[in-house]
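Visitor: The listed protein sequences correspond, in order, to chains A and B.
Heads up: the first sequence begins at 1 in the numbering used here, then just goes up one per residue.
Heads up: the second sequence begins at 1001 in the numbering used here, then just goes up one per residue.
Some hints could be false.
[Claimed, not checked] Covered stretches of chain B (chain A as the covering partner; in silico rule of three or more C-beta atoms under 8 angstroms from a C-beta of chain A):
{"no.": "1", "segment": "1179-1192"}
{"no.": "2", "segment": "1212-1220"}
{"no.": "3", "segment": "1223-1233"}
{"no.": "4", "segment": "1305-1312"}
Hints in this document: simulated from the structure, not taken from any laboratory.
Using N, Cα and C, we set each Cβ at its ideal position, and we do this for glycine too.
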Amino acid sequence: MSSTDTTKAEAAAAEKTPLLYDPKVRGILYQIGVLAMVGLLAYYLMSNTLANLERQNIATGLGFLEKQSSFEIGESLISYSAADTYFKALLVGALNTLLVSFIGIVLTVILGTVIGIARLSTNWLVSRLAAVYIEVFQDIPILLQLFFWYAFFYEILPGPRQALNPFTGVFLCNRGLIFGIPAAHPAFLHMGIAFVAAVVAVWALKRWARARQARTGQAFPTFKVGMGILIGLPIMVWWLGGAPTAMDVPELKGFNFKGGVSVSPEFTALLLGLVLYTAAFVAEVVRAGIQSVSRGQTEAALSIGLRAGQVLNLVILPQALRVIVPPLTSQMLNLTKNSSLAVAIGYPDFVSVAGTTINQTGQAIEGVGLIMAVYLIFSLSTSAFMNWYNKKIKLVER
Amino acid sequence: MSAEQTDRQPVEELKPPAASVGVLGWLRSNLFSTWYNSLLTLAVVYLLWVSVPPFVQWAFVESFWTASGKECLEADSGACWSIIPNNIRFIMFGFYPYQEQWRPGLAVVLLVGLLIFSQFRRNWKKSLLYYWLVGLVVMGILMKGGLGLAPVESTKWGGLPLTLLLSVFGLTAAYPLGIVLALGRQSRLPAIRSLCVVYIELIRGVPLISLLFMSSVVFPLFLPEGVTVNKILRAQVAIILFTAAYIAEVVRGGLQGMARGQYEAAESLGLNYYQTMRLIILPQALKIVIPPSVSILISAFKDTSLVVIIALYDLLKTTQAVLGNPEWMGFSAEAYIFIALVYFVCCYYLSSFSRKIERELDTGY
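All chains should be built: construct the whole structure from the sequences, respecting the hints.
Guide: Below is the structure:
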């Protein structure tokens, strides 16, 4: 009796593992160890930094944002002068970054899609050309491409007097890209309003058409009617507003162009470099996406009687987009991050303005911190939006 | 009946129509299959006709290969390639002492030789690791001096050796760190997992240039008084920290590709975490991620050009320095095309290597 009791007790003791061998306890110990190491490192760096800052008499904190910047910025979307604060200067830089990224992303997606489709073309010449483009532009560093386009504007293009004139109203010279726009007229504002109204109308039409198809089975030519409204309504407003056709065309006056819109060489070089470089990557993404939809899908769709447009819209694109969207997002983020190379060719983006701020105030930690924070905000908000979109188009398995 | 059948002579084979075989057939099916394809072909041919001959004229027919910058300017016609041979030593080696430039040259040859040697799978043995260790030590001595070689300050390093150094060392040092981060991100311990997630997402969310700024202006503030770290090493650390985050994501992809059964089998054998990873999981996971790792090497190689912005004299910066010389001012196109060619050859070689290895490792399931 007693012997069995002791063996039971022994078994119980053996089952109860020593504290140090318990995976849970070990896990907690490991975590405490790692956190303590990270904490110690952070403390060491912080104390060094504080001592250094004190020794070198560098101010800390974001107080400098309120001070007068006293430097000019070449290009700005909002009114800015050297008398404004650092905060406003940085805002100008952030807006410039957003501007070049936004236009860059739109152009890149268009160009990348075209090249990606061209890569898959049955036309040998077109597909070879697209392949060469992709390989060449992917394999040359973006910074080198930016320097090349920058030099292209300043060294190779002629002055305003001998400006290249590829199309009427468009001039290319070492002062940048100058082109004509329609002269200001109240009708254009109304056209904008009409366009927004048309978008709302098409959205409502689409909902109605879908509900009707679900109810009655009758399809409605939403695409054709929708395009008609989107294009027709603004044109009607334009015609009602007196059909203004006057153009604001650039003209050579003295040493430079007057009128029209002129885009600086820095901006054009940056945009050109970013778009041509990123489009090569986007083209590969698009090609992979299209190739991921098997040929059987197209054949099946055709065999149940869908028209070519419907096959593309209802069968191919929904499946290809699912493959395309995640890598496309990361390419868009790459473009935004690469726009920080503007600093190398003198376009006043956020990094460039923050760099000047660091030089003037000496507050390097705050400056670099701001750069990182701004790009993190861009990245995180883009990926949040894309995650939402991705979830929306994700495959629903039943 | 049967006699009639056997009497029949074999019918003479019909030849396919002339327009569907040979050059003509190829042209028809590849370039002129439909009316819009024909139109496209004609448009492309026209574009090439407009752009290629003038370029050839500029680059080869009217170009100068030995003339001085002044002669090029006076002639003002074709490309002035002589900017390259006249400045090649500076472009390749920067401010490295002129008489000693055979040393970085030899180091580059050694490095490229090692890289080419390592690309063959039959050389992937433990001895490869020792070759690399010996090679790196020799390269270090060649660059820095010692053992009878005159010492050269690292501030004088530049050009191609610097570019290769930053990218190859960057990747090699970043790889172990990236693996640790990837394992940390997969860990069951919440504190470790969140530390790794924050690090990876933080680094991937910001441009490399902000890290380079950090290394050049903020990092000195982190060090205790009197301690300084040279500029190249600081940039190198920034590149390593940056690349590690990207490697971590690639390795994570490989880890996620492992079947759960692998972990369970390892556990049932009684292997602990370290043994499971070292013997079972990582060897398989790392094999899957060789091709994407090569793409990371390619982008690390291209990204080293960003050190121009913190004024290190890599290949791109030495070229710009030459372009700043009054004699050679204005020949940017030629110089940049040459450098682009150097980068292109290296990256193209690496990416075709990556494609080859992907085919070889593809087990088909």
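Visitor: Taking 8 angstroms as the C-beta cutoff, is the stated coverage of the segment 1212-1220 of chain B by chain A satisfied by three or more residues?
Guide: holds (count 5)
Visitor: For the segment 1305-1312 of chain B, do three or more residues have a beta carbon lying closer than 8 angstroms to a beta carbon of chain A?
Guide: It holds, with 4 qualifying residues against the three required.
Visitor: For the segment 1179-1192 of chain B, do three or more residues have a beta carbon lying closer than 8 angstroms to a beta carbon of chain A?
Guide: With 5 residues closer than 8 angstroms to chain A, the segment 1179-1192 of chain B meets the three-residue bar; holds.
Visitor: Are there three or more residues in the segment 1223-1233 of chain B whose C-beta lies within less than 8 angstroms of some C-beta in chain A?
Guide: holds (count 3)
When the structure is compared with the earlier hints, no violation turns up for any of them.
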